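Kindly generate the complete structure, drawing on both the sequences and the hints.
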Amino acid sequence: MTLKILKKAGQQILTSNLLGLFIVMIVMTVVFTALNPGYLTGKNLLNILTAASLSGLIAIGESYLIISGQIDLSPGAVAAFAGVLSGLLAQKGVPFILIVPITLCVGALFGSVNAFQVNVLKIQPFIASLAIMSIARGLAYIMCGGKPVFISQEAYIKVGITRILGIPLPVIILIVSFLVFGVILGKTRFGRNVYATGGNAAAARLAGIRIHQIKFKLFVISACMASLGGIILASRMNTGQPSAGQNVDFDAITASVLGGIAMTGGTGSLSGTFLGVLILQGFNNGLLLLNISTFWQDVARGLLMMFALTFDYFRKKKREI
Amino acid sequence: MKHELEFRQISKNFAGVPALTDISFSVSEGEVLALVGENGAGKSTLLKILNGDYQPSEGSYLLDGEERHFLSPNEAIGAGIGLIYQERQMFDELSVAENIYVGRLPEKHKVVDYKELNRKAAEIIAEFGLPIEPHRKVKELSVAMQQMVEIMKVYSRNPRVLAFDEPTACLSDKEAEVLFELIGRLKEKGLIIIYVSHRMNEIFRLADKIVVLKDGAFVAMHDKKDTDENSLVNQMVGRPLGSMFADQIERKEGMETALKVEGLSGRDFWDIDFEVKKGEVLGFFGLVGAGRTELMRAVFGADPVLAGTIEVNGTRQNIDSVEKAIRLGIAYCSEDRKNEGIIPLCSVKENMSLVILKRLCSGMFIRGKKEQDFAKENVEKFRVRTSTIDKRIYQLSGGNQQKVLLARWLAMNPEILILDEPTKGIDVGAKSEIYRMIQEIAAQGVAVIIVSSELPEVIGLSDRIYIMRHGKIAGEVGRKEAEEELILRYAMLEEVEG
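Protein chains in written order, with this note's numbering: chain Z, 71 to 391; chain F, 184 to 681.
Calculated from the structure, these hints are not laboratory results.
Quantities reported herein were computed from a predicted structural model and do not represent experimental measurements.
Virtual Cβ for every residue (Gly too), placed ideally from N, Cα, C.
Short derived list, chain Z residues pointing at chain F, Cβ under 10 Å:
| hint | residue |
| --- | --- |
| 1 | Ile254 |
| 2 | Gly256 |
| 3 | Ile279 |
Estimated spans, in silico, between C-beta atoms of each pair:
| hint | chain 1 | residue 1 | chain 2 | residue 2 | range |
| --- | --- | --- | --- | --- | --- |
| 4 | F | Glu563 | Z | Lys192 | 41 to 51 Å |
| 5 | F | Ser504 | Z | Leu235 | 43 to 53 Å |
| 6 | Z | Ile212 | F | Gln578 | 51 to 61 Å |
| 7 | F | Pro639 | Z | Met376 | 52 to 62 Å |
| 8 | Z | Val100 | F | Ser255 | 35 to 45 Å |
| 9 | F | Lys574 | Z | Met333 | 17 to 27 Å |
Below is the structure:
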């Protein structure tokens, strides 16, 4: 009898989205705090959020794309490209107020090419964005000759260190972005069309939705979020690193799936993705506090991805019954 | 001893919701048993229990008096129970012979023995008496012949029980004929045959026994000779149906032309002329593959037009996209509900509002309350059976999904409404409701085009009927001369005299 109840509760947790994520988060926090009391402190929580700013911003674009039935493997490389480009612009004395729009526009080009490949050449988004990933990363190295670009421009560096009411600016940008894009996804016609495109592209097209236009916008959004994340990262590090953002697309995809966005598209929400990002970063941070080697972090990252996909599998199974 | 299949008090629950309750009946060799009932009555669930796809929650079934449990369709087929699914499950790029023997290809020295394979396949094809060559790729065959390959695949494993789940849903009347003859022969060979269909004439033609299911429960089992269409339908829906088609209103002459097509050519259709007037129901009949769907998709801007002109309300239009067609007041409800109609993971509400979402918005934001009211109103108006408007649409039965799609398109107040196979695979109750809606819509002055492969439906609804054959219009008949035989002759024969 108790076994039956436990089994049922287990199913509930596995399939009910946000509740399950909260439980995972609590268990994780309890375990890490027990191992290192420094884990559950305000300072460390802000650390987690700050560290999440890049993968979090990228997860927003990634979530939109996965819901629409696409995927993007290039944002990490685009972020590195944006960091290097903006660093070089800063060295040339371009004012920060111009650096941001220029970098976003150049970044958006990568997204446009991605969309062109998918819409016109009918290439699978997985492969198309893999090509862009390599191009963006390569260009980042070429632009700076392989050496990190040091940034001394005051306005630029301020982004990473400014605090408002004690909260770092990158964290505020992250949270505001999640709110804005969450509302767009849930409450606007554009958001609804994203779900329709991912749920059934043929039906969406026959209902008059311009699915090519939607995909174009989504790839551009993804590239812009990556560029923004790249600028913020460069500011926090005082350097534009061509090697930055190596695993962030992976993290962003894991966070999205963990948060309940089906790999097959058509369903999910940004609130889930946000929790997914927190869990992921919380986990990385916990390992760091325990002085576990970064090599193990790669293993942990892979295990989390497997865990997320298991979640996805159970949710899908539930939908099919 | 005669082979016999017996269901004994089968029940099946999904997450506590009963889909089948206490089903018992039996059927013996050389018999065709038809399973009838509305969508959601539990027919498919029962078939899936039979072939091991689902496990019964309670009860069991017996083959030749022996209780059997199969954990997978593979196990079931090994024990002589084959199910022909509604959707064909073929490898398009492989040959007929390879498809028949997939997973069991004969080998010689560890490589496939194609000579032997083709010989064995040819034997079965000859037994079925079909004009197919074993080495042809499946994708080169017609839909009906592909279905035959599917049946041969199951048959080649010497089944004792063959179950068909709506096998004629994608077949034209002529193609179905081939299937019926085959079923007759399989029956003579002593197979037990279970046949699920919505089409009454098929059931009365094929079945020896008829089992009626309703809401997952057993209602009755009849010998064919002891029952008739009306009483069956009565038992299925629990209410007398009367005539499915309301009497047609006499239409006034001289109504304006809503859509006029001249010399239109595109993929799979050539040089098509037709016109439809406001308030008229125009039928398009033809065998599957006659080019009707392709023609309508081109008119709707979903496929390219190669030549010819389209006039909407007297103005020539170049319809190069779906959005343009919608702006001109054309609505097209696809024949393929699953792949081109519903957005499965979206709710009933979201599916309904898809086309007119802009009207429910202020700026870029959807007005939640307005959308809810819109959905609630239409769920009621179209009698969609759903517990809430937030239910995901794939959880609804086919008939109710179709009503949601009708609501989606009617919400835009179309001037021209194209319905492609509007009642494909849906139950009798929902069918008659959809017929009633179509007639109401036309009465309001909408030009309605019905594409259908069901003759009674085309004849019952249409004011005029165009018949297509091989991508061309083969004939036109008015309501008064509309007889099944004449229409079929146009659809199937090269020359029609008189």
